[in-house]
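The listed protein sequences derive, respectively, from chains C and D.
For the first sequence, the positions run 1 to 439 when our numbering is used.
For the second sequence, the positions run 1001 to 1439 when our numbering is used.
Any given hint could turn out to be false.
Subject to a maximum C-alpha distance of 25 Å in a straight line, what follows is the list of computed SDA-like cross-link-like pairs (lysine to any residue) [said to hold, decoys possible]:
{"#": "1", "chain 1": "C", "residue 1": "K385", "chain 2": "C", "residue 2": "D423"}
{"#": "2", "chain 1": "C", "residue 1": "K64", "chain 2": "C", "residue 2": "E23"}
{"#": "3", "chain 1": "D", "residue 1": "K1382", "chain 2": "C", "residue 2": "F217"}
{"#": "4", "chain 1": "D", "residue 1": "K1031", "chain 2": "D", "residue 2": "D1062"}
{"#": "5", "chain 1": "D", "residue 1": "K1384", "chain 2": "C", "residue 2": "R91"}
{"#": "6", "chain 1": "D", "residue 1": "K1072", "chain 2": "C", "residue 2": "T29"}
{"#": "7", "chain 1": "C", "residue 1": "K72", "chain 2": "D", "residue 2": "G1036"}
{"#": "8", "chain 1": "D", "residue 1": "K1388", "chain 2": "D", "residue 2": "A1336"}
{"#": "9", "chain 1": "C", "residue 1": "K427", "chain 2": "D", "residue 2": "K1388"}
{"#": "10", "chain 1": "C", "residue 1": "K52", "chain 2": "D", "residue 2": "A1218"}
{"#": "11", "chain 1": "D", "residue 1": "K1408", "chain 2": "D", "residue 2": "Q1365"}
{"#": "12", "chain 1": "C", "residue 1": "K52", "chain 2": "D", "residue 2": "T1418"}
{"#": "13", "chain 1": "C", "residue 1": "K362", "chain 2": "D", "residue 2": "E1249"}
{"#": "14", "chain 1": "C", "residue 1": "K72", "chain 2": "D", "residue 2": "E1023"}
{"#": "15", "chain 1": "C", "residue 1": "K384", "chain 2": "C", "residue 2": "D403"}
{"#": "16", "chain 1": "D", "residue 1": "K1385", "chain 2": "D", "residue 2": "D1332"}
{"#": "17", "chain 1": "D", "residue 1": "K1148", "chain 2": "D", "residue 2": "Q1122"}
{"#": "18", "chain 1": "C", "residue 1": "K190", "chain 2": "C", "residue 2": "F217"}
{"#": "19", "chain 1": "D", "residue 1": "K1187", "chain 2": "D", "residue 2": "G1036"}
{"#": "20", "chain 1": "C", "residue 1": "K72", "chain 2": "D", "residue 2": "Y1049"}
{"#": "21", "chain 1": "C", "residue 1": "K434", "chain 2": "C", "residue 2": "G3"}
{"#": "22", "chain 1": "D", "residue 1": "K1385", "chain 2": "C", "residue 2": "T29"}
{"#": "23", "chain 1": "D", "residue 1": "K1064", "chain 2": "D", "residue 2": "S1024"}
{"#": "24", "chain 1": "C", "residue 1": "K61", "chain 2": "D", "residue 2": "K1388"}
For each label pair, taking beta carbons as the anchor points, the in silico distance ranges come out as [said to hold, decoys possible]:
{"#": "25", "chain 1": "C", "residue 1": "T438", "chain 2": "D", "residue 2": "K1362", "range": "42 to 48 Å"}
{"#": "26", "chain 1": "D", "residue 1": "N1059", "chain 2": "C", "residue 2": "E242", "range": "43 to 49 Å"}
{"#": "27", "chain 1": "D", "residue 1": "P1112", "chain 2": "C", "residue 2": "E215", "range": "31 to 37 Å"}
{"#": "28", "chain 1": "C", "residue 1": "A237", "chain 2": "D", "residue 2": "D1332", "range": "57 to 63 Å"}
{"#": "29", "chain 1": "D", "residue 1": "N1092", "chain 2": "C", "residue 2": "H226", "range": "56 to 62 Å"}
{"#": "30", "chain 1": "C", "residue 1": "Q26", "chain 2": "D", "residue 2": "D1180", "range": "43 to 49 Å"}
{"#": "31", "chain 1": "C", "residue 1": "Q26", "chain 2": "D", "residue 2": "A1051", "range": "21 to 27 Å"}
{"#": "32", "chain 1": "C", "residue 1": "D62", "chain 2": "D", "residue 2": "D1180", "range": "47 to 53 Å"}
{"#": "33", "chain 1": "D", "residue 1": "E1428", "chain 2": "C", "residue 2": "T418", "range": "41 to 47 Å"}
{"#": "34", "chain 1": "C", "residue 1": "D354", "chain 2": "D", "residue 2": "D1180", "range": "37 to 43 Å"}
Sample of chain D residues facing chain C (criterion: CB under 10 Å; computed from the structure) [unchecked claim]:
{"#": "35", "residue": "K1073"}
{"#": "36", "residue": "S1132"}
{"#": "37", "residue": "S1358"}
{"#": "38", "residue": "Q1369"}
{"#": "39", "residue": "G1371"}
{"#": "40", "residue": "R1414"}
Hints are computed from structural coordinates only; laboratory data are not their basis.
Every residue gets a Cβ at the ideal spot worked out from N, C-alpha and C, and that includes glycine.
Number of protein chains: 2
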Amino acid sequence: MFGVMRNAFERYGFQPIETPAMESLQTLTGKYGEEGDQLIFKILNNGDYLAKADSEALNSKDSKSVTPRISKKALRYDLTVPFARFVVMARNDLAFPFRRYQMQTVWRGDRPGKGRYQEFTQCDADIIGSDSVLCELDLVTLFHQVLKELGVPGFEIVLNDRRLLNALARAWGIEDRFEDFTIALDKWDKIGNEGVRLELSNRGFAPDSIESIMELFALLAHEDVHARLNGMRAMFAAGDSEALAAFEEMSELIQMASEAGVGSEHLVFDPTLARGLNYYTGAIFEVRVADAPVGSICGGGRYADLTGIFGWEGMSGVGISFGADRIYDVLDHFDAFPESVLPQAQVLIVQLDDEGRSDGLKALQGLRQVGISTVLYPDVSKLKKQMKHASDLGVQFVLMAGDEERTKGSWTVRNMQTGDQVDVKAKELTSWLKAEITG
Amino acid sequence: MFGVMRNAFERYGFQPIETPAMESLQTLTGKYGEEGDQLIFKILNNGDYLAKADSEALNSKDSKSVTPRISKKALRYDLTVPFARFVVMARNDLAFPFRRYQMQTVWRGDRPGKGRYQEFTQCDADIIGSDSVLCELDLVTLFHQVLKELGVPGFEIVLNDRRLLNALARAWGIEDRFEDFTIALDKWDKIGNEGVRLELSNRGFAPDSIESIMELFALLAHEDVHARLNGMRAMFAAGDSEALAAFEEMSELIQMASEAGVGSEHLVFDPTLARGLNYYTGAIFEVRVADAPVGSICGGGRYADLTGIFGWEGMSGVGISFGADRIYDVLDHFDAFPESVLPQAQVLIVQLDDEGRSDGLKALQGLRQVGISTVLYPDVSKLKKQMKHASDLGVQFVLMAGDEERTKGSWTVRNMQTGDQVDVKAKELTSWLKAEITG
Chain C
1 MFGVMRNAFE RYGFQPIETP AMESLQTLTG KYGEEGDQLI FKILNNGDYL
51 AKADSEALNS KDSKSVTPRI SKKALRYDLT VPFARFVVMA RNDLAFPFRR
101 YQMQTVWRGD RPGKGRYQEF TQCDADIIGS DSVLCELDLV TLFHQVLKEL
151 GVPGFEIVLN DRRLLNALAR AWGIEDRFED FTIALDKWDK IGNEGVRLEL
201 SNRGFAPDSI ESIMELFALL AHEDVHARLN GMRAMFAAGD SEALAAFEEM
251 SELIQMASEA GVGSEHLVFD PTLARGLNYY TGAIFEVRVA DAPVGSICGG
301 GRYADLTGIF GWEGMSGVGI SFGADRIYDV LDHFDAFPES VLPQAQVLIV
351 QLDDEGRSDG LKALQGLRQV GISTVLYPDV SKLKKQMKHA SDLGVQFVLM
401 AGDEERTKGS WTVRNMQTGD QVDVKAKELT SWLKAEITG
Chain D
1001 MFGVMRNAFE RYGFQPIETP AMESLQTLTG KYGEEGDQLI FKILNNGDYL
1051 AKADSEALNS KDSKSVTPRI SKKALRYDLT VPFARFVVMA RNDLAFPFRR
1101 YQMQTVWRGD RPGKGRYQEF TQCDADIIGS DSVLCELDLV TLFHQVLKEL
1151 GVPGFEIVLN DRRLLNALAR AWGIEDRFED FTIALDKWDK IGNEGVRLEL
1201 SNRGFAPDSI ESIMELFALL AHEDVHARLN GMRAMFAAGD SEALAAFEEM
1251 SELIQMASEA GVGSEHLVFD PTLARGLNYY TGAIFEVRVA DAPVGSICGG
1301 GRYADLTGIF GWEGMSGVGI SFGADRIYDV LDHFDAFPES VLPQAQVLIV
1351 QLDDEGRSDG LKALQGLRQV GISTVLYPDV SKLKKQMKHA SDLGVQFVLM
1401 AGDEERTKGS WTVRNMQTGD QVDVKAKELT SWLKAEITG
């Protein structure tokens, strides 16, 4: 799975970067909201760490104020903040627009559950330093490419743009309630129309604002991308130039993605997609799989300011993240794994007697040299035991040679799938097996 | 580098496993000696962690006794202990002899220095559940294969056997001082003959024991493997059957490794190699590079009991570890990196005008489809700026098309190394570039 992603990232011209698992606690604190701060795994300082802690705070067991005194480092919580730090530190060595990908573990102190892990791998790709919609296009086609290659069944790349949502909020006079508005949008999947109505009403939205918002959900009745887009356009003010620009870009993006081979069954415009994270300022993406046991498997979007938190303002870009563990869950759920994903030995050489060892070693070396994964059974044991090991390992071929074969200068080769046995000359063994295995 | 290792491990029939970065602190504590325990990075419990801590210990700032109350998890310190835990937990699903490799990060709270990192990658391969010397042979040839492929200059695979050292200690009546004996052996590199004499004398070794030990070092004057082996044999008791078996196995191992193509310049028998770790009980390995800025770059050995600490006694095996970061340092030191190790875009398509975009997108898609890493410059900007980006990226080819080319249905292709420009028909572009790039 990682091989498929790595390969696609590199064909798309993304460069790999890696950052340390441990960041300074200060770098991470305050970047993920209060809840996030609590889920960050903090590392205890080495040595006599209590020496520097405040006695009063210790006595009153005030965990919160003790933490920064006894922990200087923490495990990264995502790849975005470490990437922003990296960009600021390396800015003089990078060629902008800069494309990087990063596939590394992140840690969150969540209660573990389906699709939620304490330790999981994120696979991020970002293009920073360009406002062109071609960057969005590259990421949408990258989603399509990777998910196709992985064989993820029925995935949908869902698009929207935060600027369009902003424009609606302006048109409906709820700009100052924008966050509540997006939270309600995000909840619709779970609580439905009536739930959202109730939620909005409880949060003090006026009845006509609520009706406007419900009209937005009504657009989902249209299957057609353009019907949805135009429906949304009719909702914001005709003279809203920011929204018009976003509308044009979204139309363009959908058009170009379709020309680049992203089928309409994989590309969805959803005017109610909001993506909770506040740093998104333009296009937003999410990938969903119908009937899957997990929520979205990928996400992303455009941000106006990645590195401002580290003192370098205005570095805009767009990025996506593949949720590797969730993709794994989805493939597992649909039994969609290609057979024998796990590398395993292809050939086992059995040892029938002591005299066979040196021939066995020669065959071993020859097969490995041409890239065939081969194991020599380490002892002379009962054939039955060695054959059981071959079947446990799942090898395709077993090689055997006793007195008779040695006299003939050949090997008995057993195909474990068919049970067929053939004699193969020792000299031809490597090329014979290579042809059999690579087809 | 990791690709080379992964490929070799799999050809040798090792299966990949991964374990979580965080282990329970209890699993790790006590496995690496007192110094090791202090270097383990401990994770602070989430939430109000001080609530469960002992008030008295907090008040007296007793870090050591507070630790287990406020930290349940820790970062893995090596791959061996997590592997042992894995084997015990998965024992019913594994086919023995079991071969696994594992390439993952480990963390140690060491003071950072050359060849010593707080966060580094270990690459381990182990075969467990067999006592056959063919396992040692597989690992020695694996060292040879990987280090050759990586182009590590002048590496030496150094061999010894703990059973031979045990036999000497028996012959010299210093069995009860075995650990001091091995510590002195390990120090010889740094402090030389006189230093070792002094050290042994300070530790209360009798003068004749010291002379015997110094004779062992004298064997290093022999270049020839067999002269060293036979010299060592002459030192232990003639009737010591354990030592004789070890001697026979070592002779066999060296003979077979040589037959398998491991040149004598890469294979050294060193009767003074001790490998500090106490769990080794048979053959031990170390890989050194002459004139390198770091100590050994790989190590390993046979152990009689991997899983005893987790309640499953007597599971023996043999394993090796590649120090990836040290190998990197060595290659860096000798400037031995192959050129352009880092993946980078091979082709940049520049945008001269708005009309060119759709042709650019078509070319982009075609090139990526055949595996050529390609980037389309995201905006119509000055050619000079786009060419500078091409050169910053280090691409091999730049594609350009304006009105003239479009009329002809062709691309101007610039070879960035030679500066040559040629016209290539749009239809032939993909196959032309593929031939140029793959040679």
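Now for the hints, and whether the structure bears them out:
1. C:K385 / C:D423: holds, 22 Å
2. C:K64 / C:E23: holds, 19 Å
3. D:K1382 / C:F217: violated, 44 Å
4. D:K1031 / D:D1062: Measuring from Cα to Cα gives roughly 22 Å; hence the hint holds.
5. D:K1384 / C:R91: holds, 21 Å
6. D:K1072 / C:T29: It holds: about 22 Å lies between the C-alpha atoms, which stays within 25 Å.
7. C:K72 / D:G1036: Distance ~20 Å between K72 of chain C and G1036 of chain D Cα, so the pair holds.
8. D:K1388 / D:A1336: violated, 29 Å
9. C:K427 / D:K1388: violated, 55 Å
10. C:K52 / D:A1218: violated, 52 Å
11. D:K1408 / D:Q1365: holds, 21 Å
12. C:K52 / D:T1418: violated, 62 Å
13. C:K362 / D:E1249: holds, 19 Å
14. C:K72 / D:E1023: Holds, because 20 Å separates the two Cα atoms, which is no more than 25 Å.
15. C:K384 / C:D403: Roughly 18 Å separates the two Cα atoms, so the pair holds.
16. D:K1385 / D:D1332: Not OK: K1385 of chain D and D1332 of chain D at ~33 Å, beyond 25 Å, violated.
17. D:K1148 / D:Q1122: holds, 19 Å
18. C:K190 / C:F217: With a Cα-Cα distance of about 14 Å, the restraint between K190 of chain C and F217 of chain C holds, given a limit of 25 Å.
19. D:K1187 / D:G1036: Measuring from Cα to Cα gives roughly 19 Å; hence the hint holds.
20. C:K72 / D:Y1049: Holds - the C-alpha atoms of Y1049 of chain D and K72 of chain C are around 16 Å apart, at most 25 Å.
21. C:K434 / C:G3: Between K434 of chain C and G3 of chain C the Cα gap is close to 23 Å, so the pair holds against 25 Å.
22. D:K1385 / C:T29: Violated, because 38 Å separates the two Cα atoms, which is more than 25 Å.
23. D:K1064 / D:S1024: Cα-Cα ~17 Å, so holds.
24. C:K61 / D:K1388: violated, 58 Å
25. C:T438 / D:K1362: 42 to 48 Å: Distance hint for T438 of chain C, K1362 of chain D is violated at roughly 33 Å.
26. D:N1059 / C:E242: 43 to 49 Å: violated, 59 Å
27. D:P1112 / C:E215: 31 to 37 Å: The hint (31 to 37 Å, Cβ to Cβ) is violated, given that P1112 of chain D and E215 of chain C are roughly 60 Å apart.
28. C:A237 / D:D1332: 57 to 63 Å: At 60 Å between Cβs, range holds.
29. D:N1092 / C:H226: 56 to 62 Å: holds, 57 Å
30. C:Q26 / D:D1180: 43 to 49 Å: holds, 46 Å
31. C:Q26 / D:A1051: 21 to 27 Å: holds, 25 Å
32. C:D62 / D:D1180: 47 to 53 Å: holds, 48 Å
33. D:E1428 / C:T418: 41 to 47 Å: holds, 45 Å
34. C:D354 / D:D1180: 37 to 43 Å: Since D354 of chain C and D1180 of chain D have Cβ atoms about 41 Å apart, the given range 37 to 43 Å holds.
35. K1073: Where the cut-off is 10 Å and the nearest Cβ of chain C is about 8 Å from K1073 of chain D, the hint holds.
36. S1132: holds, 3 Å
37. S1358: For S1358 of chain D, the interface hint holds, since the closest Cβ of chain C sits about 7 Å away, which is under 10 Å.
38. Q1369: Result: holds, 9 Å to nearest chain C Cβ.
39. G1371: With a minimum Cβ separation of about 6 Å from chain C (threshold 10 Å), the hint on G1371 of chain D holds.
40. R1414: Nearest chain C Cβ about 17 Å off; hint violated.
When held up to the earlier numbered hints, the structure conflicts with 3, 8, 9, 10, 12, 16, 22, 24, 25, 26, 27, 40 and fits the remainder.
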